[in-house]
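Residue-level listing of the chains:
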Amino acid sequence: MSDNPFDLLGEDLDEGHRWAFGTGFTDPLAGVDTTVPAGVDAAALARYCLALGDDALIYSHRLQEWVTRMPELEEETAIANIALDLLGQARMLLARAGGILGQTEDQLAFFRAEKDFRNVRLAEHADRDFAELVGRLLIFSAWRLALFTKLSAAPDPVLAAIAAKGTSELTYHRDYAAQWVVRLGDGTDVSRHRMQHALAVVWPLAAELLRPDPDAALIGAAAVDAGAVDTVLEEVLAAAGLDRPDAAALAAVGGRAGRDGVHTEAMGYILAELQSVARAHPDATW
Amino acid sequence: MTEQDWPLFEVFLRGRRGLNHVHVGSLHAADPQMALRHARDLYTRRNEGVSIWVVAAADITASSPDEKDPFFAPSGDKVYRHPTFYEIPDDVPHM
Amino acid sequence: MTITTQPALQAHFDDTIAAERRIEPRDWMPEAYRATMIRQIAQHAHSEIIGMQPEGNWITRAPSLRRKAILLAKVQDEAGHGMYLYSAAETLGADRADLTGKLIAGRQKYSSIFNYPTLSYADVGVIGWLVDGAAICNQVPLCRSSYGPYARAMIRICKEESFHQRQGYELLLTMMRGTDAQRQMVQDATSRFWWPSLMMFGPPDNASPNTAQSMAWGIKPHTNDELRQRFVDMTVPQADKLGVTLPDPQLRWNEARGHYDFGAVDFGELKAVIAGNGPCNAQRIARRTAAHEDGGWVREAALAHARKHQDHEAERAGLAVGANHD
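Top to bottom, those sequences are chains X, P and U. Counting with my numbering, you get residues 723 to 1008 for the letters of the first sequence. Counting with my numbering, you get residues 1032 to 1126 for the letters of the second sequence. Counting with my numbering, you get residues 273 to 598 for the letters of the third sequence.
These are calculated hints, taken from the structure and not from any lab test. Backbone N, C-alpha and C fix where the C-beta goes; we use that ideal spot for every residue, glycine too. Please note that the accuracy of each hint is not assured.
To be verified - One-sided excerpt, in silico: chain P residues whose CB lies under 8 Å from chain X: (1) Trp1037; (2) Leu1058; (3) Ala1060; (4) Gln1064; (5) His1069; (6) Asp1072; (7) Leu1073.
Modelling step: build the complete structure from the supplied sequences, incorporating the hints.
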């Protein structure tokens, strides 16, 4: 056989319908002017981007654990898409914070201690079944979409750009979760029972999302419209025929929670796994 | 087909520069809306402006690809000649 | 079909193959061709899906965020490849759930290579380099498969796998230019995956009685040994460039043949792995089985909902919460 194995690959046969989800493999903020505008508190901006970046990083980690475990192959591509989107958001947000703090995205992700991670505890939760997966994702993406919609007008142009890009992704995530919550809530008796139970498990973690963030004011970011997020959740529950869980918010520890670096016991195991190879080779480039 | 098996949908795409929808393959989904979402994940990069059609395979009526061929009647038939699964013996030689 | 038309149908089929035109889903074809094609495509599809596991093993531990994104996208691609291929098999009358059942029951196989464990991050790069490299050697000829839907799926797949191979090789280049520990990791991974990669091309030609029929049907344009030789010839210079040693003391360029000579592949090991006795067979099937069985209630719920609400209520509910970005 004389032809080079790659000969057939030159022809563009699908006119851009390349199915695989593309992510930017260059430095996340390459070519972007990263000057912090006057009037924006740089330290607060770094803390704020770290918080939203950590949410996405840890949430993506939990979704990555579902690869090869999804109920149907089509759901594998859907969940990998969502995990990739969140990872992409994490990279950009960590890079934004890192630019101010003098650290790279990887230094922040792999070499910070647990107490320095600022993700909400909802992000750390391990979904025990598909119902918890979609229930938790509904809460997270509904809130994050509402937040990013506001942040698209943030005074920091980099944060605003990250948020603007994220809104179309988060709309997809919220749609995906909402449609599944409805299917499961209004599917079979088994699925309804599981979905109701799943909501009861994750609902206590929702309140933490709406805690006021002092850094938001310092960077001129508008607060999330909590009422609007609640309306979204109510609509989905109604369509699903599910009851709103009557669950108290998960207690903080001496008033401190995820944003303060005080996490659930799951976080240590997440970081042990996530950081293991990087930490085993601290001087290596990958 | 069991109570758990999602039906087959055929996927057609018209790209931004395209003039018409082209068949790109198939996938399984529980309903047409899910099929649309999955087609977006599987066959595009969730590009805005790419038009996607999904059609239940069972709803497609197809002609023979070779109409001039005297061996095939010109009247329409279902897309697949074997709508139920085809039993494959274990001892069929493979590569 | 009446017996009197059968020879004519066979002749038409034979002419199509001989003229290197494609057989399409509704064309007449010999039952043995259909069955062979379903089995070949299905086993290829199973390989893609099972192949997600050894690589997926390292997503959560990827040592940089960029590598994590690349690996996650790659594993997602593999899910997609599996779906393209199941799709092609279904055009022949197969049913995907039935094929999954056969995989789980051990009645259909998948590529032997995925029965080996991935034990370090370097394995991710080596799989991209050697395993995807071998797969490309096997698969590019399939882009000219006589069966249309399979050929078209293969063209799309080969394009994407060429990216994967380059990304794997790039990771290895980076590691080989890195720390001593990284270099040792790459060498160790290469030593474990070299021979199993050669086994991916199947038994030797003198032990492959079905090759002739497959070649006659345009299913298999080249023999196992031809492809294996081509893979070795392509890969040895790549190994040299990386600076890794391939674990074969008999590997050397033969000027007279114009190819690399290489040592004897342990086909006994291949046979054992295919029979289910490799290091990871049980684990791979168990994972696939668990996902399928644990997901039954979800699939059932989706169908039940669809039947209840054929007026698109789920779509309205899901989209009512926000603008439709279609």
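Hint-by-hint comparison with the structure:
{"no.": "1", "hint": "Trp1037", "in the structure": "holds (7 Å)"}
{"no.": "2", "hint": "Leu1058", "in the structure": "holds (6 Å)"}
{"no.": "3", "hint": "Ala1060", "in the structure": "holds (7 Å)"}
{"no.": "4", "hint": "Gln1064", "in the structure": "holds (7 Å)"}
{"no.": "5", "hint": "His1069", "in the structure": "holds (4 Å)"}
{"no.": "6", "hint": "Asp1072", "in the structure": "holds (4 Å)"}
{"no.": "7", "hint": "Leu1073", "in the structure": "holds (6 Å)"}
Hint violations for this structure: none, all hints satisfied.
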